[in-house]
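**Q** Take a look at the letters that make up each chain.
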Amino acid sequence: MEKKSPRPRIAPLRKVQAELVTDPAEQAELDQQRNRQPDVVRTRGSVRLSEPESPSPVVELSRKLPAEERQSLIMRMVAGLSPEMQFHLLEQLAAQLPADVVRQLEEELQARLVKAST
Amino acid sequence: MSAAALTPRVRVLVLCDEVIESEIEEAVFTLVGVRQQLVGDSYPLTASLSLFLVLSSPRKGAYQGNVVIVRVQTDKSLRYSKFEVEFDEDHQVQPLYLDLGECEFPEAGQYVIQVWFSPGQGQDVLKAEHPFDLFEYEE
Chain A
81 MEKKSPRPRI APLRKVQAEL VTDPAEQAEL DQQRNRQPDV VRTRGSVRLS EPESPSPVVE
141 LSRKLPAEER QSLIMRMVAG LSPEMQFHLL EQLAAQLPAD VVRQLEEELQ ARLVKAST
Chain B
137 MSAAALTPRV RVLVLCDEVI ESEIEEAVFT LVGVRQQLVG DSYPLTASLS LFLVLSSPRK
197 GAYQGNVVIV RVQTDKSLRY SKFEVEFDED HQVQPLYLDL GECEFPEAGQ YVIQVWFSPG
257 QGQDVLKAEH PFDLFEYEE
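Protein sequences, first through last, are from chains A and B.
Quick note: the first sequence uses the working numbering, first residue 81, plus one each step.
Quick note: the second sequence uses the working numbering, first residue 137, plus one each step.
For reference, chain A alone in the conformation it holds in the complex:
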């Protein structure tokens, strides 16, 4: 029988009045944070606010590799990242996946968690 994912609890709607930031010092601090955000971060509904950067030479070189070698290279590079960076990468990749693939991924992760807990 197919295992169902836990149903998230949806809270009642909350109406919130946003508070306008008028303090110039606070605005400047928020502007600094905004400008420090890495360009590579993708968000839901993101738009490009600046001109695209020219492709990195490493990316250009990797394009010359056969697909299976590119995949192997990526796997080796990802394996060298910290768990935090791997998690961040997964979050970004998941945001770009079609809904049916996300559901499939969710089922596989659930099955893995169940197996790990038994």
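Since the hints were made in silico from the structure, they are not lab data.
Heads up, some of the hints might be wrong.
[Claimed, not checked] Calculated lysine-lysine pairs in the DSS-like style (CA-CA distance at most 30 Å, straight line):
id, chain 1, residue 1, chain 2, residue 2
1, B, K218, A, K95
2, A, K195, B, K196
3, A, K195, B, K218
4, B, K212, A, K95
[Said to hold, decoys possible] To list a few chain B residues with every Cβ distance to chain A over 12 Å, as calculated:
id, residue
5, I160
6, F165
7, G169
8, R171
9, G176
10, D177
11, P180
12, A183
13, V203
14, G237
15, F241
16, A244
17, W252
18, E274
Where a beta carbon is used, it is the ideal one built from N, C-alpha and C, also for glycine.
Please build the complex by placing chain B on the supplied structure of chain A, with the hints as guidance.
**A** Quick look at chain B alone, frame taken from chain A:
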């Protein structure tokens, strides 16, 4: 864990005039005046804006967020607004009707609404963006 993973996820971001919660069905909402653009007689243009957000968090607690309106042409922020959202339990989904108040736009063009969250320690994290355009009435 990364700062992005410690802040709420924005599942839905809609610019609209009103959010009506269903009286007969739980967690069902009617959005009124969903918009991708604004048209004005003259500029600067003042408009009352609201956002419908659906947020989720793996951890309960209160989170500080801020909404920034950015002018794409200059990449400069026009306005910052702060808000707080609270999750009563882990893995909760929280629909939010966020009133941004009266917003002034200097001229027509492309703008972006950004939603940021603070992880508590470290710098804020950009979680969602919504582009929208401002036009002038044409005769």
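**Q** The structure should be examined with respect to each hint, and the outcome stated for every one.
**A** So, going through the hints one by one against the coordinates:
1. Among the hinted pairs, K218(B) with K95(A) is consistent with the structure: their alpha-carbon atoms are about 14 Å apart, no more than 30 Å.
2. The straight-line distance between the Cα atoms of K195(A) and K196(B) is roughly 27 Å, inside the 30 Å bound, and the hint therefore holds.
3. Straight-line distance between C-alpha atoms of K195(A) and K218(B) comes to about 43 Å, which puts the hinted pair past the 30 Å bound.
4. A hinted pair counts as satisfied when its Cα atoms are at most 30 Å apart, and K212(B) with K95(A) qualifies at roughly 28 Å.
5. Separation of I160(B) from chain A is adequate, the least Cβ-Cβ distance of about 14 Å exceeding the 12 Å criterion.
6. Against the 12 Å criterion, F165(B) falls within the reach of chain A, whose nearest CB is about 7 Å from its own CB.
7. Consistency note on G169(B): stated as away from chain A, and its beta-carbon is indeed over 12 Å from all of that chain's, at 16 Å minimum.
8. The claim that R171(B) lies off the interface holds: its Cβ sits roughly 14 Å from the closest Cβ of chain A, which is beyond the 12 Å cut-off.
9. With a minimum CB-CB distance of about 21 Å to chain A, G176(B) clears the 12 Å threshold, and the non-interface call stands.
10. Non-interface status of D177(B) relative to chain A is upheld: no Cβ of that chain comes within 12 Å, the nearest being about 24 Å off.
11. Its beta-carbon lying about 16 Å from the closest one in chain A, P180(B) satisfies the requirement of being farther than 12 Å from that chain.
12. Non-interface call for A183(B) relative to chain A: holds, since the shortest CB-CB distance, roughly 14 Å, exceeds 12 Å.
13. Under the 12 Å C-beta cut-off, the non-interface status given to V203(B) relative to chain A is violated; the minimum distance is some 6 Å.
14. With 12 Å as the threshold on Cβ separation, the claim that G237(B) sits away from chain A is violated: the shortest Cβ distance comes to roughly 6 Å.
15. A cut-off of 12 Å between C-beta atoms confirms that F241(B) is not in contact with chain A; the least separation is 15 Å.
16. Even its closest Cβ contact with chain A, about 17 Å, leaves A244(B) beyond 12 Å, as expected for a residue assigned away from the interface.
17. With a closest Cβ-Cβ approach of about 8 Å to chain A, W252(B) is found to fall inside the 12 Å limit, against its non-interface label.
18. Separation of E274(B) from chain A is adequate, the least Cβ-Cβ distance of about 25 Å exceeding the 12 Å criterion.
Hint check: violations occur at hints 3, 6, 13, 14, 17; the rest are consistent with the structure.
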